[in-house]
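Colleague: With the hints as a guide, dock the two chains, each given alone in a separate frame, to form the complex.
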Amino acid sequence: GAGVSQSPSNKVTEKGKDVELRCDPISGHTALYWYRQSLGQGLEFLIYFQGNSAPDKSGLPSDRFSAERTGGSVSTLTIQRTQQEDSAVYLCASSLKGATYEQYFGPGTRLTVT
Amino acid sequence: SQQGEEDPQALSIQEGENATMNCSYKTSINNLQWYRQNSGRGLVHLILIRSNEREKHSGRLRVTLDTSKKSSSLLITASRAADTASYFCATDIRAQKLVFGQGTRLTINP
Chain A
1 GAGVSQSPSN KVTEKGKDVE LRCDPISGHT ALYWYRQSLG QGLEFLIYFQ GNSAPDKSGL
61 PSDRFSAERT GGSVSTLTIQ RTQQEDSAVY LCASSLKGAT YEQYFGPGTR LTVT
Chain X
1 SQQGEEDPQA LSIQEGENAT MNCSYKTSIN NLQWYRQNSG RGLVHLILIR SNEREKHSGR
61 LRVTLDTSKK SSSLLITASR AADTASYFCA TDIRAQKLVF GQGTRLTINP
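Chains as they are written, first to last, in my numbering: chain A, 1 to 114; chain X, 1 to 110.
No wet-lab data here; the hints were simulated from the structure.
Be aware that one or more of the hints could be misleading.
[What the hints assert, rightly or not] DSSO-like cross-link-like pairs, simulated, lysine-lysine; straight-line CA separation at most 30 Å:
1) X:Lys-26 x A:Lys-97
2) X:Lys-56 x A:Lys-57
3) X:Lys-69 x A:Lys-97
4) A:Lys-57 x A:Lys-97
5) A:Lys-17 x A:Lys-57
6) A:Lys-15 x A:Lys-57
7) X:Lys-69 x X:Lys-56
8) A:Lys-57 x X:Lys-70
9) X:Lys-56 x A:Lys-97
10) X:Lys-70 x X:Lys-26
11) X:Lys-56 x X:Lys-70
12) A:Lys-11 x X:Lys-70
13) X:Lys-69 x X:Lys-26
14) A:Lys-11 x A:Lys-57
Just chain X, with the same shape it has in the complex (with noise of 0.2 Å):
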């Protein structure tokens, strides 16, 4: 089974608006981290938030871990088109391979 999992699968908003994903896992981690994905092909790393830390930014980008609940969101402030894509969250399985969730394709309304 799948150690991340990103709710909801598909989210669609109007440009100008905020976009929240959000991603549940199983086992304990030492990092999560988030990538995007445009067009099916290779992945962009966004953003890396280890266990000991609670929130971080980038840009318009904020990332919450919550190791007790075992999950993290990713909020992406004033979407913009650009921002339509698949969002995957990614957690580390004791520090040796990353395990990818399924998951969320953001599309962003003109």
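Looking at chain A on its own, in the form it has when it is part of the complex (with noise of 0.2 Å):
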């Protein structure tokens, strides 16, 4: 079946505006992550969705950033009044249930702020 999807897979904003980062998660998977990744670096934890539960924001790294996820399914992950410093690829993941259960990433978007 179809794997998690991303987009758009590249975005280039100027400084300041607000961008929408979408993601499709695989069908029946109720949990879904939004990670951020800076060249070279290891993966950043931004905010976690498991079913109806309220999200766990806490790797939000400020006020900026918002996210929703409808229905159940796809994910929306907004920065808002966007930073140089917001530069990175931002990833989505889902899982069949919680942490205990493998993975599945999307491609990424490729976000610059110039």
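Modeller: If you want it as structure tokens, here you go:
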């Protein structure tokens, strides 16, 4: 079946603009994760959705970052008033349930803030 | 601070040799997972080892887990050029989310 998809694959935006990044998880996966990866670095956890539970937002770096997951499926990560330090690859992953299951990653969105 | 830390940060070996990467973590876990990343994009799951397991095999991969030392190792035998990638360990936090280390960049020289 289809894997995790993300759009757009690349996004170039001007400093101060808002951006929306989209993630379509694997059908039936109740857990969805967003990560950020700067060049040559590891993955930085941003936010975690599990079913109908309140999301774990503990990794969001500032109040300019927000995410929602509609109908337990598609998720959108929004970054308001983008800054140059927001430039990174944003990765989405889904898993059947929680962290005791393997995660399936999308190809990522490369965000460049100029 | 990172829950999982890989060692070494970079490893370069000749094709056909074995590659060993290590991961240390700080808190108790339910499972530890290893992932591979090519070209800085999506990660691919390699293997999951649960806290009550000590060793697991998958093809040319062998993973060990020592919960007393809070460490794991990933061994890739008979390396190939296609194994060139970054390798990450990830540990679960209270079975809620995975925390990834900084990764080991493995280069296989032909």
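Colleague: Give a verdict on every hint.
Modeller: Now the hints, each set against the structure:
1. As the CA atoms of Lys-26 (chain X) and Lys-97 (chain A) are separated by approximately 24 Å, the hinted pair is consistent with the 30 Å bound.
2. Between Lys-56 (chain X) and Lys-57 (chain A) the CA atoms are separated by roughly 33 Å; this puts the pair beyond 30 Å, and the hint is violated.
3. Distance check on the hinted pair: Lys-69 (chain X) and Lys-97 (chain A) sit about 28 Å apart at the alpha-carbon level, within 30 Å; holds.
4. Annotation: proposed proximity of Lys-57 (chain A) to Lys-97 (chain A) holds, straight-line Cα distance about 17 Å (limit 30 Å).
5. A distance of roughly 22 Å separates the Cα atoms of Lys-17 (chain A) and Lys-57 (chain A); the hinted pair therefore holds under the 30 Å criterion.
6. Restraint check for Lys-15 (chain A) and Lys-57 (chain A): the C-alpha separation of about 24 Å stays at or below 30 Å, so the hint holds.
7. Distance hint between Lys-69 (chain X) and Lys-56 (chain X) is fulfilled; the C-alpha atoms sit about 17 Å from each other, no more than 30 Å.
8. Only pairs whose Cα atoms come within 30 Å are accepted, and Lys-57 (chain A) paired with Lys-70 (chain X) is accepted, the gap being roughly 27 Å.
9. For a cut-off of 30 Å, the pair hint linking Lys-56 (chain X) to Lys-97 (chain A) stands: about 22 Å separates their Cα positions.
10. For a cut-off of 30 Å, the pair hint linking Lys-70 (chain X) to Lys-26 (chain X) stands: about 7 Å separates their Cα positions.
11. Proximity of Lys-56 (chain X) to Lys-70 (chain X) is assessed by CA-CA distance (about 16 Å); at most 30 Å being required, the pair is judged to hold.
12. A distance of roughly 39 Å separates the Cα atoms of Lys-11 (chain A) and Lys-70 (chain X); the hinted pair therefore is violated under the 30 Å criterion.
13. Our distance criterion of 30 Å between C-alpha atoms is met by Lys-69 (chain X) and Lys-26 (chain X), whose separation comes to about 9 Å.
14. Of the pairs offered as hints, the one joining Lys-11 (chain A) and Lys-57 (chain A) holds, with about 23 Å between alpha carbons and a cut-off of 30 Å not exceeded.
Hints 2 and 12, counting from the list given before, are not met by this structure.
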